[in-house]
Each structure stands twice: as C-alpha cells, then as structure tokens.
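Novice: The hints should help you fit chain B onto chain A, whose structure is shown.
Residues per chain are reported as follows:
Protein chains: 2
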Amino acid sequence: MSLEHYISGYVDGEGCFNVSFSRRAKMKTGWEVKPSFSVSQNEDRSQVLKIMQKYFNCCTLRRDYHDKTLKLETRQLNNLTEKIIPHFLKYPLLSNKKRDFALFAKVCQIMASKKHTKKKGLVRIVDLAFQMNSSGRRKYSKEEILNSL
Amino acid sequence: MSLEHYISGYVDGEGCFNVSFSRRAKMKTGWEVKPSFSVSQNEDRSQVLKIMQKYFNCCTLRRDYHDKTLKLETRQLNNLTEKIIPHFLKYPLLSNKKRDFALFAKVCQIMASKKHTKKKGLVRIVDLAFQMNSSGRRKYSKEEILNSL
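Protein chains in written order, with this note's numbering: chain A, 1 to 149; chain B, 1 to 149.
Derived from the structure by calculation, the hints contain no laboratory data. None of the values given here were measured: they were computed from a predicted structure. Check the hints yourself; a few may be wrong.
Which copy is meant is left open, so a pair is good if it fits within one copy or across any two.
[Unchecked claim] Listed below are the simulated DSS-like cross-link pairs for lysine-lysine, each with C-alpha atoms no more than 27 Å apart in a straight line:
| id | residue 1 | residue 2 |
| --- | --- | --- |
| 1 | K54 | K90 |
| 2 | K54 | K119 |
| 3 | K98 | K139 |
| 4 | K54 | K120 |
Same shape as in the complex, but just chain A:
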C-alpha cells in the first residue's frame, strides 16, 4: 500500500488549504495571518483522519458538534512548512486544488521568513490568499485589509 499517494488523493477530494486574516492590534501591521490545513469527515468514517494524523505526525483531531464532523487540522507554521507542505510537493494533488496548494505554500514560505510582519510582505500574502478558492467564507474583503494598512 502506497499510503502517501492514497493520502494525496484523499486530501485532493476532502482537504482544505486556507489562509484567513484576523484583526490583531498587537501586530505591527494590525493583522494576523492564519494559514491552516484541514480535512473534515463524518465521525463514522474517522479512520482515515487517524491514519493521516499518524502519518503527518502532527495535527489535532477535533469534534465539531455543530455539523457532527471530525476535523483534522493544523495551524502551526512549523508543522505546515516541515510536514504538510513537503508531503504535497512530493506527492502532488491532481485537481485544481493544486493551485490553491501552491498559493498556500508561498504564503507559508513568506511567513517562515517573517516578511508577513511588515507591510510589503503582508500585501503580497493578501494578494496570494485572495487568489485562493475560499469557499466564500472570508470575513474581510481584500480591499478592507489593504486599505487599513
């Protein structure tokens, strides 16, 4: 069993790479950048999430009592850059989601170099993040963030 390819296939269908933004007065730019990788699944089909948690050697498993799903997730930058992103570089997605992944990987790369703490880096991240397919769940518009800087 080539688990690596199986996981890429599963995530291509069910996974989500996301970059969200929160207002945070403490930050120099006024904004916190929050990248996340997640996979949601009905609780009765949780095996694959547990297999992935073990495989990635990171991520939390959390019940969403609201919609009765179990969510595998990591928001920690070092997990994303050292565990999640390298996997999908080696075992690529095949659908359009690979485009989202590429944008996501760039955002994480900028964050790892700390450039997101300055205006120029944040503008670049906002530009990348708003090219991603966000399933329409964005709290702030691109203009709202850029105009506030």
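Specialist: Positioned in the frame of chain A, the structure of chain B alone reads:
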C-alpha cells in the same frame, strides 16, 4: 506518481458505491437491481474525474445542471466486475467505505452469476444492499421489496 493509490484515496473521500432497486414488471422477480459506482465533483475540479475515466477505461461523465456538479459514473455490470471492483480489491479503501465496497462487490458477484433473477438471489442482494450506507436516498424500504416477492 502512483495513480492507483491516489485514485483509491480520492474515491474513499468522494466516491459512492450504490445498489438501488426499481419496480420492473418485465422481470421475473418484479424488481430490477441497479448497482452503480460514481464520483461527483464541482465542475471547476473536473480534472481528476477525467483522469479516472481514462484510468478505468469506462464510465460516463455527465453534467448535473441542478447542483452544478460533474458526475463520473458506470452502471454497467461488466465494467463494475471487470474494471472497478478489481481496482479496489488491489488498491483498497481505508475508511469505513471499504465495508460498503465489500457489500457492493458481493452484490455484483451475485448478479454476474445471474442469481438475482430468482427470488433467493434477490433476497440475498436486498439483504446485502440494505447493510450499505445509502445516505438515506432509498425509494423503497427493505420490507416493501421483500414483501412483494
């Protein structure tokens, strides 16, 4: 790229093995058994469906204008028994869906031996099919079918 394992992962997340029943006066039993394998996807992520269609060397791709999805599907027994089922026997699913697949494979096996055209075989198929996770879309109840025989 190990496409075989990737496809099993993708289908474990997004695919569906289903056995439905239709009243059919022409049939000796009064019922037609309709097994199907399908994978639905938003049209903007149709690449994987096209890759799978080529890989399986069967299945149709059909637009569902209602919910704007593209559906890869085969209902042909010989495709199911010669192409689809052998793939998932060789590259198994890892989630609970593997249980549905095993029941589905048994139903197709019974159909391949033509036993479903007699009452005893049909009763066995109904018993197997109603153990599958049907996402609550069944038109007829198990009792309704069995009582009509």
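Novice: The structure should be examined with respect to each hint, and the outcome stated for every one.
Specialist: Quick rundown of the hints versus the structure:
| no. | hint | result |
| --- | --- | --- |
| 1 | K54 with K90 | both (18 Å within a copy, 23 Å between copies) |
| 2 | K54 with K119 | neither (37 Å within a copy, 47 Å between copies) |
| 3 | K98 with K139 | within (24 Å within a copy, 38 Å between copies) |
| 4 | K54 with K120 | neither (37 Å within a copy, 45 Å between copies) |
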